[in-house]
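Chain by chain, the residues run as shown.
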Amino acid sequence: MGDPTNKSSKDDKKNDECYNTAAITNNIEALEFGRTCQSCAAGMAAGILGLTGFHGFILYFVSVAIQALIWNVKAQGNWLSYFPERNSLTWSHGNGLLTFVLLWVFFYGMVHVY
Amino acid sequence: MASTIYRLITIVSLLSLLHCAYSAAQHRFYLRLTEQPFVNLPADVVAQTVISLIALIYGTSFLANPFLYIKQDQHPERTCDEALNCPSFITFDNRTKAMSPEFSMLRALKQQQRSQENVSRGTHSGRVSEAVAPSETVDSHE
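Going line by line, the protein sequences match chains F and G. So that you can map any letter, position 39 of the first sequence is 39 in UniProt numbering, and since no number is skipped, the others follow by simple counting. So that you can map any letter, position 129 of the second sequence is 129 in UniProt numbering, and since no number is skipped, the others follow by simple counting.
Some hints here could point you the wrong way.
Mimicking EDC-like on lysine to aspartate or glutamate, the simulated pairs with C-alpha atoms at most 16 Å apart in a straight line are [stated by the list, open to error]:
#	chain 1	residue 1	chain 2	residue 2
1	G	K71	F	E17
2	F	K74	F	E17
3	G	K71	F	E32
4	F	K74	F	E29
Derived from the structure by calculation, the hints contain no laboratory data.
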C-alpha cells in the first residue's frame, strides 16, 4: 500500500512541469520513424537469414535493444529531457511487429521459397 | 553535412542488405542444382546481413528528426548570470572609469588622436576646428 500522500505529492510534482508540445510531437515522430525503419530492416534480415518461428521474433527484440541503445546515444544519455517518460524500449511495438512480419514473410518467400 | 553521412550510411546498408538477399537466393539455387540439403547460409552472408542491419538501424535513427528539448525553457545550459542579465541597467560611462589606472592612459591617447584630427581638419578650414573646440574643453574638465 505505502503512503498515498507521498505518492500524490510526487505526481503533483511531475504534473507541475510544463512541456513544449511541439518538441514532444517532433521527438515522437522521430521515434515512430526509427521504429518503422528498424522493424523493416529486422524483417528483411530475418527473411534473408531464413529464420522461422521464435528465432525471428528473437531477432526482432535484439534489434529493438540495439535501437534503444542508439536512441539513448542520440539523446546523449538524458532521455528524460527529450521525452516525458522512459519509453525507448517499449515505444510502438504493435506497429513495429506488423511491419516486421510483413517484410519477414516477403523476404523469406523471395529468397528461400522461390 | 551530418545528414548527408547518415543518408549515405542508410543507402549503402540498404543496398548491402539487398545484396545479401541476392546472395542467399543464389546459394539456395546452387544447393537446389547440386541436390544438397539446406543447413544454413554461409558465414559471410550472415555476417554481412547482421552488419548491414545494424548500420541501417543506426543510419535511419539519426536520419530522423533531431530530438528537441521538451521542457519550456529551451536553453537549459545557460547560467544564472546569463538568464538574469538585464542589459539596460549596465552603465559603461560612469565615474569608476576615472579612478582606474588605465583611464589616464586612455585620455592621453584620446587627446593625442583629437589633436591629430584637429590638425588635419585645420588644413581644410578654420571653422571646423572652432566647432570642435568647445567639446574638447568639456572633456578636459572631466
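A quick look at each hint next to the structure:
1. Taken as a hint, the K71/G and E17/F pair is honoured in the structure, with Cα atoms around 8 Å apart against an allowance of 16 Å.
2. Simply put, K74/F and E17/F have alpha-carbon atoms about 23 Å apart, too far for the 16 Å limit, and the pair is violated.
3. The hinted pair formed by K71/G and E32/F fails the criterion: a straight-line CA distance of about 21 Å is larger than 16 Å.
4. Of the pairs offered as hints, the one joining K74/F and E29/F holds, with about 14 Å between alpha carbons and a cut-off of 16 Å not exceeded.
Hint compliance for this structure: hints 2 and 3 are broken, all remaining hints hold.
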